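**Student:** Based on these hints, arrange chains E, L and G on the given structure of chain B.
Protein chains in written order, with our numbering: chain B, 47 to 517; chain E, 47 to 517; chain L, 47 to 517; chain G, 47 to 517.
Calculated directly from the structure, the hints in this document are not laboratory data. Warning: the hint list may mix true and false statements.
Claimed, not checked - Taking lysine-lysine pairs in the BS3-like style, the calculated list, with each CA pair at most 27 angstroms apart, reads:
| # | chain 1 | residue 1 | chain 2 | residue 2 |
| --- | --- | --- | --- | --- |
| 1 | L | 381 | L | 285 |
| 2 | L | 306 | G | 321 |
| 3 | B | 237 | E | 409 |
| 4 | L | 381 | G | 112 |
| 5 | E | 285 | B | 381 |
| 6 | E | 420 | B | 306 |
| 7 | G | 321 | G | 276 |
| 8 | G | 381 | L | 306 |
| 9 | E | 237 | E | 306 |
| 10 | L | 493 | L | 285 |
| 11 | E | 381 | B | 112 |
| 12 | L | 381 | G | 306 |
| 13 | B | 370 | E | 420 |
| 14 | L | 237 | G | 409 |
| 15 | E | 420 | B | 237 |
| 16 | E | 409 | B | 370 |
| 17 | L | 237 | G | 381 |
| 18 | G | 271 | L | 370 |
| 19 | B | 381 | E | 237 |
| 20 | G | 370 | L | 420 |
| 21 | B | 381 | B | 420 |
| 22 | G | 370 | L | 237 |
The structure presented is a predicted model; accordingly, all values stated were derived computationally and were not measured.
Number of protein chains: 4
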Amino acid sequence: MSDELRESCGVIAVCGNPEAANLVYLGLYALQHRGQESCGIVSRSENRLRVAKEMGLVADAFDRQKLLQLIGDSAVGHVRYSTTGDTRIENAQPILVDCAKGSIAVAHNGNLINSPDIRADLERRGSIFQSTSDSETIIHLIAKSRAARITDAIVDALSRLKGAYSLIILTQEAMIAARDPKGFRPLVLGKLGDGWAIASETCAFDLIGAEYLREIEAGEVIMIKNGRLKSYFPFPQRKKSQCVFELIYFSRPDSTVFGKPAHTVRKGFGAMLAKESGVHGDVVIPVPDSGICAAIGYSSESGVFREKGFARNHYVGRTFIEPKQSIRYFGVKLKLNPIRDVVQNKEVIVVDDSIVRGTTCKKINDMLRSAGAKAIHYAVSSPPYRHPCIYGIDTPSEGELVANANSIEETRKYIGADTLSYLSIEGMLSVLGDEAKDYCTACFAGKYPVVHRLPKASQFDLFKYSSINIR
Amino acid sequence: MSDELRESCGVIAVCGNPEAANLVYLGLYALQHRGQESCGIVSRSENRLRVAKEMGLVADAFDRQKLLQLIGDSAVGHVRYSTTGDTRIENAQPILVDCAKGSIAVAHNGNLINSPDIRADLERRGSIFQSTSDSETIIHLIAKSRAARITDAIVDALSRLKGAYSLIILTQEAMIAARDPKGFRPLVLGKLGDGWAIASETCAFDLIGAEYLREIEAGEVIMIKNGRLKSYFPFPQRKKSQCVFELIYFSRPDSTVFGKPAHTVRKGFGAMLAKESGVHGDVVIPVPDSGICAAIGYSSESGVFREKGFARNHYVGRTFIEPKQSIRYFGVKLKLNPIRDVVQNKEVIVVDDSIVRGTTCKKINDMLRSAGAKAIHYAVSSPPYRHPCIYGIDTPSEGELVANANSIEETRKYIGADTLSYLSIEGMLSVLGDEAKDYCTACFAGKYPVVHRLPKASQFDLFKYSSINIR
Amino acid sequence: MSDELRESCGVIAVCGNPEAANLVYLGLYALQHRGQESCGIVSRSENRLRVAKEMGLVADAFDRQKLLQLIGDSAVGHVRYSTTGDTRIENAQPILVDCAKGSIAVAHNGNLINSPDIRADLERRGSIFQSTSDSETIIHLIAKSRAARITDAIVDALSRLKGAYSLIILTQEAMIAARDPKGFRPLVLGKLGDGWAIASETCAFDLIGAEYLREIEAGEVIMIKNGRLKSYFPFPQRKKSQCVFELIYFSRPDSTVFGKPAHTVRKGFGAMLAKESGVHGDVVIPVPDSGICAAIGYSSESGVFREKGFARNHYVGRTFIEPKQSIRYFGVKLKLNPIRDVVQNKEVIVVDDSIVRGTTCKKINDMLRSAGAKAIHYAVSSPPYRHPCIYGIDTPSEGELVANANSIEETRKYIGADTLSYLSIEGMLSVLGDEAKDYCTACFAGKYPVVHRLPKASQFDLFKYSSINIR
Amino acid sequence: MSDELRESCGVIAVCGNPEAANLVYLGLYALQHRGQESCGIVSRSENRLRVAKEMGLVADAFDRQKLLQLIGDSAVGHVRYSTTGDTRIENAQPILVDCAKGSIAVAHNGNLINSPDIRADLERRGSIFQSTSDSETIIHLIAKSRAARITDAIVDALSRLKGAYSLIILTQEAMIAARDPKGFRPLVLGKLGDGWAIASETCAFDLIGAEYLREIEAGEVIMIKNGRLKSYFPFPQRKKSQCVFELIYFSRPDSTVFGKPAHTVRKGFGAMLAKESGVHGDVVIPVPDSGICAAIGYSSESGVFREKGFARNHYVGRTFIEPKQSIRYFGVKLKLNPIRDVVQNKEVIVVDDSIVRGTTCKKINDMLRSAGAKAIHYAVSSPPYRHPCIYGIDTPSEGELVANANSIEETRKYIGADTLSYLSIEGMLSVLGDEAKDYCTACFAGKYPVVHRLPKASQFDLFKYSSINIR
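This is chain B alone, in the form it adopts within the complex (with noise of 0.2 angstroms):
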């Protein structure tokens, strides 16, 4: 169950229309999933940027008098997951600064492996850093770079840079995007009237009526000035890298990813894993949401019916306060609650796409024992989760992930089911097809696709201070 990872961001672009800002509010809040701490919009009217961020989600943050101050034909927005004890207004996106190049809004997705030896660098050059995020790094870099035109600028920072980025740049002229040059992150172009929209998933596209074009490629930069679009390729060009966890997990099923529709892919995980794993059993039951793709395909794969295991509480708020005498399986039972005659007498097959560190999937299948299931087959649709994501997944340490201090056979008994099937890495590929080879699998198989002698939480320790958030 990959509620315990989480997508560091979502960003979202408009240019070329009136009602930039409402619309790249909308798109935000088509991005939600992909970050629920912060929000912020940037928007460009007359060579001015005007800015307005916040803590929490996007429906509570802006209001249509705010959305009215947010004047202007082009804007760009953000949402932001960010790592515990790191939650502070200072982290959130878009970055506004001044600079030799004018002003500047940058809002980045992904995560830059060698941020903290930049950081150090620039440090000891003189800069300052006000916020822990790494995507402060790049606005420095682009400040700092003495090419005269600002796309040059860019591209200089960008060439520096090792790791994750899909970027948005607002100028006081342009809009830029870019995505690195490994393509880990995803990354959309759309047409939206006369204008252009750039978005972390086609599903912005969908509820603002944008028309998707294409993916910005791996390694692509884009200018958008006065309605006109330039592309570059201006870096070598490299293997790709994307993120095989956004077509299992993070993006929404409505998305197409890396070109492909994200719900499909996800139906082939789950018919792959049901060849594989050979498992029967009365029923196929989806952990909701995040395995209900899975889930069709295995039973259509399997044969085996498709039933609903769980109704789920759609009032999820932040915290709930627990009796003292404490109610068994708290945490899950809030969100989720088998229906019993459903499961009762069954031997049950969950489908769920992933393990992360094993305690929820442990607390579900208890539940779904004492509702009287006679035997649970749990299938899970990727192959184990061993390392820790160094690409803007905020990701358990390695000693926290199930699958990686345990044998699958251990990690069945810990979860407390009858059977464990994990998809295999290679099931997993051929349902990618010719494309496979253009996906990092680092986080099952350990290959990093790009290394920095830095390991990734050293960086916040080179970061001496912290933030209370107030309200």
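**Tutor:** Structure of chains E, L and G alone, referenced to chain B:
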């Protein structure tokens, strides 16, 4: 799509537990789907009643500090939805008053059709009303009863009422629960350790760990005092009129309602619909989430594969700001987006639980066609909804119900479907089996089991003041 | 220092003005010193009453949008302070109900000493009470009156009441104002264009631009209907008992109270105090702000120069977090800081309007000595406060009143002054001149002009429930 | 009336106390008059800095939970007022950054007149700016300094600055305080137990119980490390330019400013004004509260009795909704109401501390005449305010200063007074005695002691983006 109908309330009580208020709070959260406008809890400790009420959702309204103040081993809670223009804290429940019988708190689910008459009569006799809620009427009648014992006073009061009530009353000495002789709205009894629990639905019991014992019977009055429960049947027995819409839509699928598991009954409705309609297609897609259970039944019966046709946005807020150049299907699109790959070039069978106004269905069908659906067979797992409910469901007026003013063929055209199938009343009843006679089907058939000369609407005209809810 | 006494309420009404609610809102702001716990406004437009109530200050509770909804040319408002533990939105006023006389809103300033009896009697006859406020009693009596005309019903109800009431009642047809026959609490009448204004104090008239006409007389009932005002004196004439503490402390110094300018009377008290005490020193310093007016009189009479002895912090919030190593005189120091240069090596005459508990005076004197004062002559411009008020002022119990349990000499020692002078009752009355007989001096002399067998405290014991104010 | 001028900031620090943040919080509350827009605290515990910042007042921004998170024995705080349209959380201080010198927090009171130049230069060299505050410039210079030791880097940075700064800097090892060589803005040093306190004004020391030791000298840099304090004078000595307006208006009357008790100096100004003007009348009334101290001096010197001419409303909120039929003198009347009995038929001498735009004075005089004043002698305890401050006070532009564009006689007519007297510059200086030469009088005389080619206004034009403050 029954989003346009609103259950008016949910009730829950716990007695004989040192953390009564905390458990009631969690129970209210499990019943949140029955009312999102206001919530409240009254607790009792040593003959003293304490109250906390608030507009909004349970998770936002209560924090640890507030729950700690609601001391005592008995508590009753209420969630409420209300009619438009009537969102006032004064209408929040439980209603807590002081009267000759001492302090009394009342939590009520249902609608009293003779309330305007009683109210007018009470006013003539000098009573004052501080809310527009008909539940206030009940407490007036209790206070005015000449019966010495509180249970007698309650029976005395209830005997004056016509319509629907599932009530929980907390006094300084006892907890009393009552269900009207027709049994319109559900009410269930559970055991929680040494104490008791009472709730609108069993899903609340599942969360707090109470064991479901049985329904409180139609016409039954239960009194719990000093840990002991007594049951009374003070009214003449009448033919039952349980609300069939609880099984179609209102109750959570994991609840047991009127003794039946809601999910299973819904599957039965879907299967019968498939049998009756005989409509086939390439794929069955439910309107999420209310159509899911019936779609499972439809798919099972028809053999047509069930797919996920829509992605839902789970971050739905209260209001969204639409751009001036309005977005097509805006309201629906904020919640649902078709998954193109699933519906493109397909004959889709869309399974919905009901059609109320029809406007949402029309937008859904338009979206599906935009996403490439070749044909749309709209299949509704309940009969045409033609008559407003007067027993506790907030329904649009007759003229707004698309099935009241239009033939099925006209409705089909209006919602833009290729075919439109409804479950027949007979089909619906056959799924309910022997107990079919115990259900109210007034909204479909128009035969109201309990009537009173005043139409419901006039109740609000009698009331001459309105209120503004500050914050 | 009368910070420890609390005026219970302020009332204001405007009729015959298209912006009635907006003017009432401003009037409430001018009367904010009479109650800071909750505020409310009821407006009337075409026989329909609309209400908005909130906990907190007027400036926070109302915004433009809310005022715009309170349409109509008549409105009544209320600010309230309440006894500890009793801060509930249910107690906010105006109370708006529906009854046989139609919709009625009541705003009440004062305290009804026979309310517990009436309440018990009403409960016996079947009435229910939703608040702990004795004002709810009034509306019950009106509703229960057999009189056909609303004014008759109001007179009927008022004739049952003992104690203090300055009332404004808004019905669907008329505005009625009434003052009890003893005239305990103030109520004034003004002209505002073609319409009328009624308020607790004239300072509200000054802000909204109304012209002060006269007091509403003790025992007078005024009805304004269709723009015309009628005056009634339905009760037998009685000796007046105007609250002398309104002139000592409660009313704003710019108000005309009981026909007298408050500031001038306070100066008179201070001058008489100087005459009686004969105490001299180097400098007169008032305890800000309540001692300022009397200090002017004291200085004028004694010839001792008046200085500013304390700086006030004007940003006082509700609560402040004290360090664990607590700060000396913390509570007082947050508000006041001695100006060292003024008091150092001086014999200071500190003029205060009253001493209630004495704890604050003690801290003030300690601070003054720390700041170098050579001697402290504490001069109080009212007699020793010995007896709790039962007519609408929230007073500590007898035992907490320092002057009740202690001799003047003991009090002097307790508060740490070198001398302590009080104004004598005779001195106070002589300042009031011929009307001295029209004042209630029960808090000083202990002779209560209206009594009832039940002591005030028991009223709250009768009431068996409490409430938690959420947000 | 100096309400139209705004002190830009207040600063406070505590080190060597286990409750440093809590004491800083109280100190900020005592300095709230120096800035009401935003507030912030940075604490240090074991080399780690923690920050909390918020828009709004200190009492609203911090609660116990937040203070508990600001652990450590050293803390620095800041309150800020800012120019219109510039109310952004990004501008709140202390500014906390990471740089080559480690984590550094800066709290700044003052205005740097060469900041735009330095900023442009820094941007040319690649720096980025995230706020419009000139305080950010200081931290950039520190970060860029080649000096190895932090104190040297600070001195290096400060040597580049022109203008006014009273600074407190918290690093991972030390607390540093600095005051510019001209000493424009105040800064004082105190002892608090074994530790130290630094603040803008001594009134903050009084509240937290610190003992005032001395001013931090103009041009002095103080470093506190491991409990020991060192003092440096790294800059060439210069003629002092202490802001005389701190003594006229900004500082609290109970503070000792530039070594002088503010209240006593203000009395001196009032007495000198009385001597110079020779105006007599029936009564002296101060404009509250800023005119009170001078009025005491005026009364004392002239022998004219001082009265309370106005009642103040102490519940002033941010905004009030004015009726459409607007109320006369609305803005002033919300705060002040003349006490009719005091001014009626009197020749009143109104003592004010200054006249800035003159619009408020005009309303005050109009109100006084409406209240019956026979003649109004307006007496101002400072010279005509003719030139904007460029050293840290937010002043209207030259054209808006009534004394800049108009003769005294024209001003008198404009404000509607019978006579208008100002204190002369010579008179003002004579009150200051031997130190008169140490004061800046640029706002009166127009001779700016430190100049720079760029006018202050242009600094904001350089900055190209604006921000919306959400919530």
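**Student:** Evaluate each hint against the coordinates.
**Tutor:** Status of the hints after comparison with the structure:
no. : hint          : result
1   : L:381 - L:285 : violated, 41 angstroms
2   : L:306 - G:321 : violated, 37 angstroms
3   : B:237 - E:409 : holds, 23 angstroms
4   : L:381 - G:112 : holds, 23 angstroms
5   : E:285 - B:381 : violated, 38 angstroms
6   : E:420 - B:306 : holds, 22 angstroms
7   : G:321 - G:276 : violated, 46 angstroms
8   : G:381 - L:306 : holds, 23 angstroms
9   : E:237 - E:306 : holds, 19 angstroms
10  : L:493 - L:285 : holds, 14 angstroms
11  : E:381 - B:112 : holds, 23 angstroms
12  : L:381 - G:306 : holds, 23 angstroms
13  : B:370 - E:420 : violated, 56 angstroms
14  : L:237 - G:409 : holds, 23 angstroms
15  : E:420 - B:237 : holds, 26 angstroms
16  : E:409 - B:370 : violated, 48 angstroms
17  : L:237 - G:381 : holds, 23 angstroms
18  : G:271 - L:370 : holds, 25 angstroms
19  : B:381 - E:237 : holds, 23 angstroms
20  : G:370 - L:420 : violated, 56 angstroms
21  : B:381 - B:420 : holds, 23 angstroms
22  : G:370 - L:237 : holds, 19 angstroms
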